[in-house]
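Be aware that the sequence shown starts at 1, since it is given in UniProt numbering, and climbs by one per residue.
It should be emphasised that the hints constitute simulated quantities derived from the structure, not laboratory data.
On a predicted model such as this, the values are computed, not experimentally measured, just so you know.
Mixed in with the good hints there might be a few duds.
In the EDC-like style, the derived pairs of lysine to aspartate or glutamate whose C-alpha atoms are separated by at most 16 Å in a straight line are [said to hold, decoys possible]:
no.	residue 1	residue 2
1	215	188
2	463	411
3	451	435
4	454	477
5	474	418
6	463	408
7	215	163
8	162	144
9	451	408
10	451	411
11	475	411
12	162	112
13	215	191
14	454	411
If you anchor each label on the Cβ, the simulated ranges turn out as follows [said to hold, decoys possible]:
no.	residue 1	residue 2	range
15	276	460	36 to 44 Å
16	398	461	44 to 52 Å
17	211	315	27 to 35 Å
18	310	169	32 to 40 Å
19	369	480	48 to 56 Å
20	399	287	28 to 36 Å
21	420	444	29 to 37 Å
22	370	436	52 to 60 Å
23	480	399	21 to 29 Å
24	188	66	52 to 60 Å
25	76	386	40 to 48 Å
In this text, a Cβ means the ideal position worked out from N, Cα and C, and glycines have one as well.
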Amino acid sequence: MASPSSDLFLLRKDPGILASYSDLKVMQLFDTGRGEFSPAPPVESLDGISPIDSLPYEVLADIMVLAALLPRPGKWGYTTIATPAEVLVFCRICSRWRQVALNTPRLWVWGEFPIPRAKAKSMAVTELFLARSAPLPITVRVYEWTPCHLLPVVVSSARRWKDFQLYYDRIPAEINPLFTRIPTGTLENLETLSLRWPNLGSGFDVFQVAPCLRKVTLNMRGISLHIPLLPWVQLTHLRLEYESPQACLDILARCTSLVSASVLTDQWREDPVVARRCVLKHLEQLNITMYICSTGEHLGPFLQRLELPGLKSLSLALWDTPGLEEESFVSWLAPALAHFLARSPRLEYLYVADCIFAEDMPGVLENTPSLTQLHLDLCNTGGAVHDDFFLALVHDPAAPVPLAPKLETLELIDAGGDFAEESVVQMLESRWWSDDELDEMPTAPGVARWKRVKFHSQLLAPKFFDQTFSENMKKYELQGLEIWY
């Protein structure tokens with residue numbers, strides 16, 4: 001008769017676990033802390049000791065999943081989930097626990113695949129966790145350091161990919177053929193895609209048929225001449241890094257369902273293609289950052305071609321290369337930005353970095369009836385903030401249309417010191433009142449009250465505010481205004 005402590009005893013006692021017997025070798029391979037694999041004790045040895053044995057199968061499975069997959073504080077303050085070794089602990093408590101664990105797919109959907117371990121262990125454990133988690137969707141992460149021998153196992157599960165990320169700076173020769181063999185229509189569960197794929201072929205269409213795909217990140221700048229074919233029209237979130245601004249703009253125009261988009265690209269080296277204006281009615285957030293190397297076209301073509309009636313957040317930034325003349329490349333963007341914002345009346349957040357002068361901002365703000373936050377970074381424009389900027393924001397109750405009537409937050413980065421404190425005080429006082437003063441007003445004021453005003457210095461010397469200004473600001477701080485200077 002088999003010993004109660006032997007695997008043979010467990011298999012005879014629980015015939016339903018026979019199909020998982022091969023998993024025992026994987027568990028033993030993975031068990032580096034205890035040497036020999038310790039078989040589970042029979043259920044009878046625990047009778048009358050552990051009330052948990054009386055729980056229904058489904059309840060015990062839920063407890064295991066919660067214990068393994070709920071985030072917990074990690075060593076360095078990061079949240080983590082159970083390690084693969086900790087998941088395998090459930091399989092050595094007793095035969096019943098092992099049976100429940102091996103037949104609970106949710107327990108085996110680990111954070112990401114392939115599971116990182118030493119070479120032999122990684123293959124065995126990845127295969128085990130993939131098999132036991134079927135048919136649930138999975139997350140796959142493939143990096144430069146991912147062993148190539150694991151990739152066929154990962155590709156074989158392509159139908160289950162929910163979140164797929166591949167990041168290479170130099171891609172091995174065997175990678176492209178491996179992925180191009182994925183049959184069209186296989187990626188039926190794919191929702192999120194992140195790629196940095198060097199030397200991608202022009203006809204790469206593995207991800208073109210993915211009916212659930214909504215979020216895409218393409219980091220192709222500097223590594224590939226081509227962008228993979230994707231179902232652009234169904235995407236809702238896009239992050240795109242690519243040298244060609246024309247290609248980036250054309251891709252944006254095709255993504256008619258976008259809710260948010262972020263683009264990092266280079267300056268135009270050729271004249272932009274003239275095309276009709278594109279309306280993206282769902283787009284709410286747009287970030288465009290551009291490397292510039294001359295005084296030629298940069299952000300203008302994006303602003304001229306795109307019409308975004310639902311836009312709520314806009315960030316525009318220019319990153320110049322060494323040797324470019326300061327203050328020579330931004331002055332003419334103001335008209336294009338003003339006309340663009342006139343077509344985006346819902347804009348609430350505006351961040352502009354080194355692409356417009358402060359003196360042009362009042363004209364731009366005439367088209368921002370819903371703006372609540374303005375962040376102006378001027379570190380490469382000479383910090384040319386003068387009194388006119390602050391005086392333009394002084395609210396005149398007699399004015400028919402106040403400038404930026406809902407503005408609550410103003411942040412100026414590297415504003416310099418070429419303005420008088422009095423103009424700042426006038427701007428603050430015209431849009432500030434205490435709660436008691438607000439209660440006594442016969443009608444609501446025509447503009448919003450300030451919430452926060454910030455002056456930051458990164459490259460330029462900060463403005464020195466005298467003691468009188470500081471004492472004046474303490475009054476507003478006590479009434480609730482957040483101010484940094």
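- Which hint numbers doesn't this structure obey? 5, 6, 8, 11, 16, 19, 22, 24
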